[in-house]
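Fit the two chains together into the complex; they arrive one by one in their own frames, and the hints show the way.
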Amino acid sequence: MSEISRREFIRLLPSVSASLAFTSLHHSLGSSLSGATTQPNIIILILDAMSARNLSLYGYQRETTPHLARLAERATVYHTHYAAGNFTTPGTASILTGMYPWHHRAINVRGPIRRSLLDKHLFALVGPEYVRAAFTQNMLADVFLRQARPHLEVHLPLTTFHLNNEPSLVSENFRSDPLIPFYAFDNSIVYYSVLSTMFLNFWNISTWKDLKQYALPSDRYPYGAPFNTYNYFHNDIVYQGVKELVLKLAEQNGPFLAYLHLFSPHDPYAPRKEFVDIFQELDIPRKPEHPLSAMKKKFTALLQDRKHYDEFIANVDAEVGLLFNALDRAGILSKTYLFILADHGELSERGEQGHLNPLLYDPILHIPLLVFAPDQKSRRDVFTPTSNVDVLPTILKIMGKDLPPAMDGRVLPGFGGEHQEGRSIFSIEAKRNSAMAPLTWASISMIKDRKKLIYYMGYPGFDDSFELYDLQDDMEESDDLFNKDTVSASLMKEELLDALATSNASLQLR
Amino acid sequence: MSIRWPASKDIISVYAVIAFLIQVWTIYVSFEQLPAWASFLNINELMAVLAYRVTESFIECLLFLGILLVVSFLLPPRFFRDVFIIRGSAFALGLLGPMILFWKLFRGDPGTLMTEYARLWMVGTVLLASLTSYLAVKIISVADFLKWISDRMTVFLYLLIPLSLVSSITVLIRNILQR
Numbered sequence: 001m002s003e004i005s006r007r008e009f010i011r012l013l014p015s016v017s018a019s020l021a022f023t024s025l026h027h028s029l030g031s032s033l034s035g036a037t038t039q040p041n042i043i044i045l046i047l048d049a050m051s052a053r054n055l056s057l058y059g060y061q062r063e064t065t066p067h068l069a070r071l072a073e074r075a076t077v078y079h080t081h082y083a084a085g086n087f088t089t090p091g092t093a094s095i096l097t098g099m100y101p102w103h104h105r106a107i108n109v110r111g112p113i114r115r116s117l118l119d120k121h122l123f124a125l126v127g128p129e130y131v132r133a134a135f136t137q138n139m140l141a142d143v144f145l146r147q148a149r150p151h152l153e154v155h156l157p158l159t160t161f162h163l164n165n166e167p168s169l170v171s172e173n174f175r176s177d178p179l180i181p182f183y184a185f186d187n188s189i190v191y192y193s194v195l196s197t198m199f200l201n202f203w204n205i206s207t208w209k210d211l212k213q214y215a216l217p218s219d220r221y222p223y224g225a226p227f228n229t230y231n232y233f234h235n236d237i238v239y240q241g242v243k244e245l246v247l248k249l250a251e252q253n254g255p256f257l258a259y260l261h262l263f264s265p266h267d268p269y270a271p272r273k274e275f276v277d278i279f280q281e282l283d284i285p286r287k288p289e290h291p292l293s294a295m296k297k298k299f300t301a302l303l304q305d306r307k308h309y310d311e312f313i314a315n316v317d318a319e320v321g322l323l324f325n326a327l328d329r330a331g332i333l334s335k336t337y338l339f340i341l342a343d344h345g346e347l348s349e350r351g352e353q354g355h356l357n358p359l360l361y362d363p364i365l366h367i368p369l370l371v372f373a374p375d376q377k378s379r380r381d382v383f384t385p386t387s388n389v390d391v392l393p394t395i396l397k398i399m400g401k402d403l404p405p406a407m408d409g410r411v412l413p414g415f416g417g418e419h420q421e422g423r424s425i426f427s428i429e430a431k432r433n434s435a436m437a438p439l440t441w442a443s444i445s446m447i448k449d450r451k452k453l454i455y456y457m458g459y460p461g462f463d464d465s466f467e468l469y470d471l472q473d474d475m476e477e478s479d480d481l482f483n484k485d486t487v488s489a490s491l492m493k494e495e496l497l498d499a500l501a502t503s504n505a506s507l508q509l510r
Numbered sequence: 511m512s513i514r515w516p517a518s519k520d521i522i523s524v525y526a527v528i529a530f531l532i533q534v535w536t537i538y539v540s541f542e543q544l545p546a547w548a549s550f551l552n553i554n555e556l557m558a559v560l561a562y563r564v565t566e567s568f569i570e571c572l573l574f575l576g577i578l579l580v581v582s583f584l585l586p587p588r589f590f591r592d593v594f595i596i597r598g599s600a601f602a603l604g605l606l607g608p609m610i611l612f613w614k615l616f617r618g619d620p621g622t623l624m625t626e627y628a629r630l631w632m633v634g635t636v637l638l639a640s641l642t643s644y645l646a647v648k649i650i651s652v653a654d655f656l657k658w659i660s661d662r663m664t665v666f667l668y669l670l671i672p673l674s675l676v677s678s679i680t681v682l683i684r685n686i687l688q689r
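From first to last, the protein sequence lines are chains H and L.
The numbering of the first sequence is the working numbering, which starts it at 1 and goes up by one.
The numbering of the second sequence is the working numbering, which starts it at 511 and goes up by one.
To be clear about the criterion: a stretch of chain H counts as covered by chain L if any three or more of its residues have a C-beta under 8 Å from a C-beta of chain L, and this derived list gives those stretches:
1) 104-116
2) 169-177
3) 424-436
FYI, nobody ran anything at the bench for these hints, they're computed from the structure.
C-beta: ideal position from N, C-alpha, C; glycine also.
The shape of chain L in the complex, shown without the other chains (with noise of 0.2 Å):
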């Protein structure tokens, strides 16, 4: 059955993608709103704020990623376990950049144009995302890009799996723990 699941390095440089983008992503907003939260609430409630917004990124990149390890598992080897850093970080790129684009571009209106755009950019994206995942791997120069951009980003796995515990603890506390 092991055989099915791609190589335990190959998924830690594709969730290093996704927690990049997923994990960063959710730090600048923060920090975005961070000035307007610093004017009334403490540095114990902003922290606290913080460990909750992190929390949920660190589940969202875990489900990514366990979409992606259930696609492996359930399709051919060569399709997808053989090439999983390049399938799986275009996957990724191609659909966690279209919609952080999104989340700027509707910012202003979320009450109707959101509504009225997502699920079409939903349904693109994820197309998107197919398309790129599916040509990355004819084209060389690209699979060789996605097999070093994956692995240069698993430094930042030293601080965002921290960070992430870390948080996951607090909000376990502040949930379980005070009750």
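Same shape as in the complex, but just chain H (with noise of 0.2 Å):
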């Protein structure tokens, strides 16, 4: 079988070729290309800032997710999933690694993945087999996707389907040295990257022309555009241009991956005019503000949030309706193995609304999943607690690939793993810590059966603190129970601590 060059590639893109950022293809597609199959090809489609607390589809009381709801019927859907960190960078290198936060070291807000790791990552272990195609509109999923590029075939840059689609960030003009270049021009744009060069901003500044027309209430959109930060888009044109990458993806012969990291429903949220005010008002229990909310929100305010990003769910579960449709008629699903997830979920309690802050309650770590095995044409439900470190040795064992050692993670119950009583999830927010140094400044929540135990450390005036949680009878952990459940309280505090201690002792010996 003849290798195809990457101008051929290219020309198998029509649609997103002008934008497109390939790898240099130093590996052959040959293998990859070459005769039919018997491997199914995955789809991880992630949703950004997807709260499972927020979905009709897990219970809640508006119905924002009649789609999913409506595919769920063909998916092994898991009711108990957690989110490894509470924001993008260490969830969703979570996901790439399996592994936790502790162990990857992403933690910090546009971090990396902990360089030994470059070869151990989903992208890598899938191997040259598969044709390997990332895309996220994520600029902190980005970083992980630069790190990858040796092993991917595809990488669209994150500006590809947005409104302003020219190429405009710097470090993309430098293709054999993705990720240096980001941190030096466009590492965190909106705040830093603008004071770093004299004349050189002003390329910035034209890529913000636009920034006042799309942020303007529109007869579209009445809240404005969604905007990832740094650009502007609209959901419609961005899962078109993920419909038409998989279909072209799926007319290879051989099998693919294809990673979407989509921004929706992150904040602001943005939602199409049909899903303005289509929910009524909700009685929310009203929580004490948090002693760490920075934000101090009013409950009013919170609830105003709570609606928009509704409302935001809504407009994106119908567009995640539209794409499966699409691909299941395309017949790509009867072969493909399609993961649905968030990499975090988001909070509006406490004062605080989003995910950029140091809790770790439910609706923050509580995320969808939803696993559509080929051809599979009834509901599963999974209850045991599961991980988004669970999702890569998932995928492994569905392609038969033996799993790392080091690996967190276990195969999802009904992927051949198994339910574990007693298993220990552990979600990990860090932030503020380096991530060349041991934990000493970070949230850490282990969740094992029904209970769940916080423990905040490092925060000036807040340091060393514990909350325990029963979540099956006090699912909104309104009760805390560290000194009411004391059994409980202390077995899981020295198990936490210990797993800590175990992780930082493991760094240092690094």
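Listed below in structure tokens is the structure:
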């Protein structure tokens, strides 16, 4: 079988080729594209900041996800699935490595995955027998794709389907060195990069020329257009582009892996007009402001934010439904495992809105996971607690590959994994802690069966604090049992501190 | 033809003013961000980030100097070439000083304020720099000061030029030899 050239591959994607960034295809695509194969395709669709707690699929009062609920009739639905971090960087890195943040060390905003793991992440482990394509709209997640570029056949720039879709990131011009120029020129472009140079800043300003226009309410977007902190976009265009990408990948003979990390329903919440004001007011329990809340938002403001968030989820749900239908009609799903999940959730309580906070309550960690197996006809529900670190081991299991021993994740129940009594699931927030140093400033949550322990350490005025909740009886986490259920508290505290000490010790040994 | 170019000593003096403003600003801003980077980038990566920044600012300096040389070439010699140090230094200070102020002022809200005021500020800055450059020759004390300051700033070139060259080589190696 002749090798396919980079130029030929670009031609396979005519609709998006203008803005494609391909890796230097130093390894042949020939092996991946030669002949028919029985290996299934894998599509990972990540919906940024989608909390399971706001999805009607999981029992939320507002009908936010009628389409996901319909699709779920053909999927394995995980009811207690958790993110490993409370924002994009740790949450996404855990999906890609199968490790908790204290092992992959992508814990800071814009931080990369530990360099020694660069041949042990999803794209490397899947191997060149798959055509590996990746696209994200989230700049923090794009850091990992830049790190993974030697293992990617297709890496679309994050501005590909945006309204200002010129190659507006300076670092996109450095194809063979994608990560370092990102930090030099595009890192946190909204806050700092603009100051880094004298004249290059005007490059950025030129891309912001339409900023006001798109930010303003319009007939189509009453709250302004969706925004990923760098570009504005329209979800119908993004989903259409993603659909075309998958259709093109599916035209190959060989299997493909498509990693699609889409920004919505991340804030700012910007639903299309038809999803605005579709929900009634809700009776939400009022919770006291958390001592670590920086926003200190009023309850009424949080209710308003939640309403907009729910509307945006309904918008995203409709787009996902259309994408699913298109892929189904094209016959792609009959030979594809489709994972729909989130990198983390979203919080609208205790004075905080969003996820850039040190809190680890259920809405920010409890996320959806639906896995569609090829030709699956009926719904399966899994209530065993699972984590995003389990996604990579499951994919490797589906592919028939061995699991690296250092991985924290396990194969998901329903795909070869088993329910394990007493398994502890961790989530870690440590954005202020150096990635190079042991964790001393962090929030860590540990879920074990129905109990959840949260540990805050290093916060000025709130150091060495614990909270314990019974998630079954108290889903709202209103009743702190740490000083009431002292037996559970003591056992879980000991286990959490042991796990922390072990991870810190392993860091020092490296 | 060469008679239309300023003397090389004059070019170096003006370049010293330009490089001091642009590259010291770049290094200052980079060091401001260093604590954040240092929490997740190793020393090699940090040096590489700085190399990109310094290389980019080096190119900006050369382009800025190039524009002044083109202007000097086009204008009558007595108007620019013969007073290259005074006019060139005045223009650099008059343009780059307000630009540094601009970046400092709008760091908090680059998305909106900057887009609104950037073009206005730039037009105003170019006019101010041109006026400063024009008047600098007329006022003897200002002209003497500009000669003095540009002469003093050449000492920084012993640091900035090697730094720029090493950085440029680093960037080239990372982008060409690693292909």
